[in-house]
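Following the hints, put chain Y in place on chain G, whose structure we already have.
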Amino acid sequence: MLFTSITFVIFFCLFFLLYWFIFNRGLKLQNLLLLVGNYLFYAWWDWRFLSLLIASSILNYFLGISIYNSKQEKRRSFLLWIGLLQGLGTLLFFKYFNFFVKSIAAAFIAFNIKLDIYTLNIILPLGISFYTFRTLSYLLDIKHGKIKPSTDWVVFFCYVSFFPCVISGPIDRPKTLIPQLEKLRTFNYAQATDALRQILWGLFKKIVIADNCAAFTNDIFEHYQTLPASSLLFGAFLSLIQVYADFSGYSDIAIGLSNLIGFKITRNFDTPFFARNIADFWRRWHISLTSWLTDYVFTPLTIYFRDLEKTGLILAILINFTAIGIWHGANWTFILFGFLNGCYYIPLILRGTLNKKKKIATDRLLPELPALLNMAGTFILIMFTFILFRADSLAQAFDYYHRLFSHSLFMAPVIIEKVNTAATLVCILIMFAAEWLQRDKQHALQIDFIKNFPARAIIYYGLILIILTFTATRNSDFIYFKF
Amino acid sequence: MKGTVKFIFKTLLFVLPVLLIFEVLFRLGYSPIITNSTLFDLKVIRLQKQHNKHLKVISIGSSVSLYELNSNIIVHNLHVPYYNFASWGLQISDMRVLLNCFVNDYHPRYVIIGSSIGDFISPSNDTYLNYVNTNTFIRNEFPEIFYFKNYSSIHQIIRRKHTAFPVQFDSWGGALLTIKAKDINRDKWNEHGIFPTQYTADQYRELDSLGAWLNTQHVKLIFAQAPIKASYANTAVSRQILQRHFDQCQSIIEKHGGTYLNYYNPAIFTDSLFFDQYHLQAAGGVVFTRLLVSDLKKIIK
Chain G
1 MLFTSITFVI FFCLFFLLYW FIFNRGLKLQ NLLLLVGNYL FYAWWDWRFL
51 SLLIASSILN YFLGISIYNS KQEKRRSFLL WIGLLQGLGT LLFFKYFNFF
101 VKSIAAAFIA FNIKLDIYTL NIILPLGISF YTFRTLSYLL DIKHGKIKPS
151 TDWVVFFCYV SFFPCVISGP IDRPKTLIPQ LEKLRTFNYA QATDALRQIL
201 WGLFKKIVIA DNCAAFTNDI FEHYQTLPAS SLLFGAFLSL IQVYADFSGY
251 SDIAIGLSNL IGFKITRNFD TPFFARNIAD FWRRWHISLT SWLTDYVFTP
301 LTIYFRDLEK TGLILAILIN FTAIGIWHGA NWTFILFGFL NGCYYIPLIL
351 RGTLNKKKKI ATDRLLPELP ALLNMAGTFI LIMFTFILFR ADSLAQAFDY
401 YHRLFSHSLF MAPVIIEKVN TAATLVCILI MFAAEWLQRD KQHALQIDFI
451 KNFPARAIIY YGLILIILTF TATRNSDFIY FKF
Chain Y
1 MKGTVKFIFK TLLFVLPVLL IFEVLFRLGY SPIITNSTLF DLKVIRLQKQ
51 HNKHLKVISI GSSVSLYELN SNIIVHNLHV PYYNFASWGL QISDMRVLLN
101 CFVNDYHPRY VIIGSSIGDF ISPSNDTYLN YVNTNTFIRN EFPEIFYFKN
151 YSSIHQIIRR KHTAFPVQFD SWGGALLTIK AKDINRDKWN EHGIFPTQYT
201 ADQYRELDSL GAWLNTQHVK LIFAQAPIKA SYANTAVSRQ ILQRHFDQCQ
251 SIIEKHGGTY LNYYNPAIFT DSLFFDQYHL QAAGGVVFTR LLVSDLKKII
301 K
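Residue numbers (the numbering used here), protein chains in the order written: chain G, 1 to 483; chain Y, 1 to 301.
Hint data in this document are derived by calculation from the structure and do not stem from the laboratory. Note that CB positions come from ideal geometry on N, CA and C, so glycine has one too. Treat the hints loosely; a few may be bogus.
[Stated by the list, open to error] Computed spacing ranges between beta-carbons, pair by pair:
#, chain 1, residue 1, chain 2, residue 2, range
1, Y, Val-167, G, Tyr-461, 52 to 62 Å
2, Y, Val-5, G, Tyr-460, 16 to 26 Å
3, G, Ile-58, Y, Ile-8, 44 to 54 Å
4, G, Leu-40, Y, Glu-254, 48 to 58 Å
5, Y, Ile-8, G, Trp-81, 41 to 51 Å
Just chain G, same shape as in the assembly:
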């Protein structure tokens, strides 16, 4: 049930009507319907893994209460470890088992020892990385006294399986979502209309920009050995735009859907391409993941390495970013992607400018030249790391880099579908322009400040017409589903 499918539209319309007209009489009723909706949505993908989601919810629910009620610190730590082992163990098994086995075997081959390796045909349960991180933060926050455990099992189960976010985030923290689940939601007209705008913007990014870019990048990465370097550069550019439009489009839809049923959830992207350095970029990209790792990995590491001063900070950053890479998938390309992004931080740490936040001026129509150059530089650095993100293997990525830096970089790129390419580039420009102009807003289509209704309607219908006219030939899955 993709958010962009007719099945989901029917599901959500029915859910919306039941939620606001029949099950709105009490909190219990509202939450019960939400839980049924969550499980129906999840089971639609693969009902076999619903049991895993439920089992994980049951265990973490009781662990949360036990940790809170325990007086002894040792027992609290022990219970937390059970939760961590269950969450990370399940994640490691489903996501990384084959990768570890193959990597170990490859390492032994380097010493001329051939292992008889045994891998399993494991299907990755959808959204496992996302809901595992939710349960982990729940237990960690209870252990550290930041929150109290939920005593209503329906509330907790809804928190773990909240359908707008269960498959690809944002990874909401318990202190954001659980209090909202403990209060009866009432319909807010302004919030709902803004939700529709955000969904519309998300659809534009996903089905027009991301899906059209996907067609080009698939083609370029498949035939990169026969194309000039200029085409490879174009492919790298489109590949980064695709990931952004796909994931931020998904996040916009997820946030919009949550708003429609009365929830306010974490923002996941904050115009990352206007970041002026790498630290700024990662503060704006996949915010819910980076802030999660900052709180639960990076901050403890900086405390642990504090005696090493700058070296300690560099170590903490490198470990944190390698973790971000590993989180994305069981492939050396992701690990190197994370590590390389961590390396980009080293000059900032050495210069002592890591925490200097450069605010984007909101009162200017165009950025100043130095700011623009910083943005372009950051974009290019990130674009090169996303070749690793997109490549199937390290060998392919290195070959791609090798071919990219050749004299054919100055040749005209090979473009087969000229009309489609031009249309996609125009849509990318529209996205950049809208996000720049609306950079101080929650999303680019937050245009309720335009009081003239016909003017707003022209913008909405214009965007709808672009979506209807230039939707990509093939609707692809959201990229982050596989994480």
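Just chain Y now, with coordinates in the frame of chain G:
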């Protein structure tokens, strides 16, 4: 509650013009993309507008059935409600899938497959499932739904209409292939397609399943082997391959109570009647249909 109702009402009001765009497209003849076969999509949309409820005889097949079964001759000689569902490139497995819904929708008593070896050479086309797996009522009364099911952009819809190979259907779904000698592509004329292929055995199995299923539905299957150009079987090996194919089809069809008719006859169907190795020109189609009709008269009651 008031706020929710207002929200729903305003949203519906806002969505209405968007739906109207598609209704306008539909009325202007920019049909939705249902499958990856332009011709099939055109045909089913056209059929929907004709509001046929009951057909006694239907025919199905690939381009051979489409071009070579002359609807006028069939209808004026058999005097029965008839429609030709043939479409370019249909394989036996596709016919099996499509007949499943055509038989349920139109309750025919006879199904004619005008076949050639080209119906046994490729894998199934899964895009037909988009049509078949749609609710019958929606499929027949509200085909606009296909604009939204597996959405295709307006850009694609318009481009498809303007780049499609033009076909003039007659009132019963058939079409005539009238290409002047000077326009016939010499390469196409001499092309000797590969047969059998890796898919041929699967297609025989599908024919077997189709025959058995039609039998359970009390629908008589009439399998008409269409003429093939003499030069196709100019070696002993190709003659042997053809004969094996004929025998295989005959045994499958007759096993399930169907009728097997073979019109492979180079003496009657001379080279001048063909467009390429397998397709007859309109004049050849007339000869073929007349022969077929004279046999059908003995079968169809």
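Falls inside 52 to 62 Å, the C-beta gap from Y:Val-167 to G:Tyr-461?
violated, 36 Å
CB of Y:Ile-8 to CB of G:Trp-81, is that within 41 to 51 Å?
Since the Cβ atoms of Y:Ile-8 and G:Trp-81 sit about 49 Å apart, the hinted range of 41 to 51 Å holds.
Starting from the hint 16 to 26 Å, judge whether the C-beta atoms of Y:Val-5 and G:Tyr-460 obey it.
holds, 21 Å
Could you check the hint for me, namely that G:Ile-58 and Y:Ile-8 are 44 to 54 Å apart, CB to CB?
For G:Ile-58 and Y:Ile-8 the Cβ distance comes to about 37 Å; the hint is violated.
Against the range 48 to 58 Å, how does the distance between the Cβ atoms of G:Leu-40 and Y:Glu-254 compare: consistent or not?
holds, 50 Å
Of the numbered hints listed earlier, those contradicted by the structure are 1, 3.
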